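Here the structure of chain A is known, so what remains is to put chain B in place on it, guided by the hints.
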Amino acid sequence: MTDQGLDRRAFVGDLVAACLAAGGPVLLGAIRMAEGQAPAGAGAGYDPADHYYGMGIDVAKCIGCARCVAACKAENDVPPGPHHFNTWIERYVLRAGGEVDVDSPNGGLDGFPPLEGVGDILRTFFVPKLCNHCANPPCVQVCPVGATFITPDGVVLVDDQYCIGCRYCIQACPYGARYMHPEKHVAGKCTFCYHRLVKGLVPACVEVCPTGARVFGEVEKQPTPLARFLRFNDIQVLKPNLNTKPKAYYANLDGEVR
Amino acid sequence: MPQQVPRLLAVFAIAAAGLLLARGVLIPDTFGDLGHYRAAAVDSIAARPVKYAGRQVCGACHVDVEAQQVAGNHRGVSCEVCHAPAAWHASDPMSGKPAINRKRDLCVVCHAFNPSRPTGFPQIDSLVHNPRLPCIGCHTPHAPVPPETPRECGACHGGIARQKAVSPHANLECTTCHDAPQAHRDNPRAHRPTKPAERAFCGACHAGMAPEGPIPQIALESHGQPNLCWQCHYPHYPETSR
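Protein chains in written order, with our numbering: chain A, 1 to 258; chain B, 259 to 500.
Hints may contain errors.
Stated by the list, open to error - Computed cross-link-like contacts, DSS-like style, restricted to lysine-lysine with a CA-CA straight-line distance of at most 30 angstroms: (1) A:Lys245 to A:Lys199; (2) B:Lys453 to A:Lys61; (3) B:Lys309 to A:Lys199; (4) B:Lys309 to A:Lys61; (5) A:Lys199 to B:Lys361; (6) A:Lys184 to A:Lys199; (7) A:Lys221 to B:Lys361; (8) A:Lys61 to A:Lys199.
What the hints assert, rightly or not - Ranges of calculated distance between the beta carbons of each label pair, as one might list FRET restraints: (9) B:Pro404 to A:Ala135: 43 to 49 angstroms; (10) A:Glu99 to B:Arg447: 45 to 51 angstroms; (11) A:Asn243 to B:Asp322: 51 to 57 angstroms; (12) A:Leu242 to B:Phe379: 32 to 38 angstroms.
Hints listed in this document are in silico derivations from the structure and should not be mistaken for laboratory results. No experiment lies behind these values; they were computed from the predicted model shown. For each residue, glycine too, the CB sits at the ideal point set by N, CA and C.
Next comes chain A alone, as it looks inside the complex (with noise of 0.2 angstroms):
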């Protein structure tokens, strides 16, 4: 067939003139991207490299005021309604006959019920929950675009831009740590404040909590709050038989807490 007009030899010349000519700006940005550019960092005078961050939480300081769940909602615009939250307080009921009762109604902000059958109550608790920051987390590993991250500061954020709603990081978090943002429609978890410790600041929930069972610092740096609070308390983690390595050290933990 040769009344085309445009033989094969001179058509594949052509579509790779083209391609070359529609390429060429994009392999200058291959090559610009290879030399590497200036980190963006997060903020002036903050060098992530510098910090690596953890939460201490004393089990046995919290009095379930709620004050922390009522501080992170203010400070990070969490929807309000009980189905969202970055940080909550549970409350555990150890009873006589083995049974452990867990509720946390409406992350307990409202107060908590009184409680029933106080007869056969062996023991009775309450524990903030929160993002764990595990520096091996089960999250990020399974985010299929990387819009969830752990920073060089040990922080696990979500990139509400670049999201996709798959909820898959919801489901492969053991804590039950994140939730669907339902006007976003991504991913929400705890973030450390990370807004305010580029600034110095501690998260909301540490600064909030009247009684100082949280305690927030630098885990491998000494002289902090935080590394005293490892050293003077026995540390549990949640679930570690999971190898996530979570970075929220709770004392005074009863086995019962899962």
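The following block gives chain B in isolation, referenced to the frame of chain A:
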């Protein structure tokens, strides 16, 4: 060079160019700078606004309150726990004052009795402990201490106070009918308050006024002689039917 090689090279070149083009279009700008994520996302998260200023910022201006607070039992309580997030006030103090809830329901968030709270944390039963009164009437919120002697009768006589609070006598002070000496607060059993000893005391309101008014009226001379009124009627929760 065999004839196929340049053609194959051309095909590879097209594929490589297509790949780079797709990569340039699909991968965001700063992706991969720090790791397998958009480095710009860290910046945008770090740029979110701060709502809680922190107690150092509050103390920079409110020096007197801070001095009082750090010496008292509420030294661990950050200002914004009760006063609500106030970074807006710290950045522009002239723009207004943070609201504060002065009512009882703010304090009981922490101080209501709850068996799950740690032993030793100061807790009260809100229904029994001076019902309906604001806590700040007796306790200074910036440096609270328990009052040494009760100021209100209901601190001890909570059952009576609760009952009276919902009765027609709710607006009467305890001291309207009882003369409680100051010594009763320090040593309650040795110094008893008085009770009305005459029928005419109740009669001041309940005898001789207009019979159609809101206060029940009786004929003092013929009604229930010779008993005192409170021997038949419970004055802290008197019957309401006429």
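Structure versus earlier hints - violations, ascending order: 2, 5, 7
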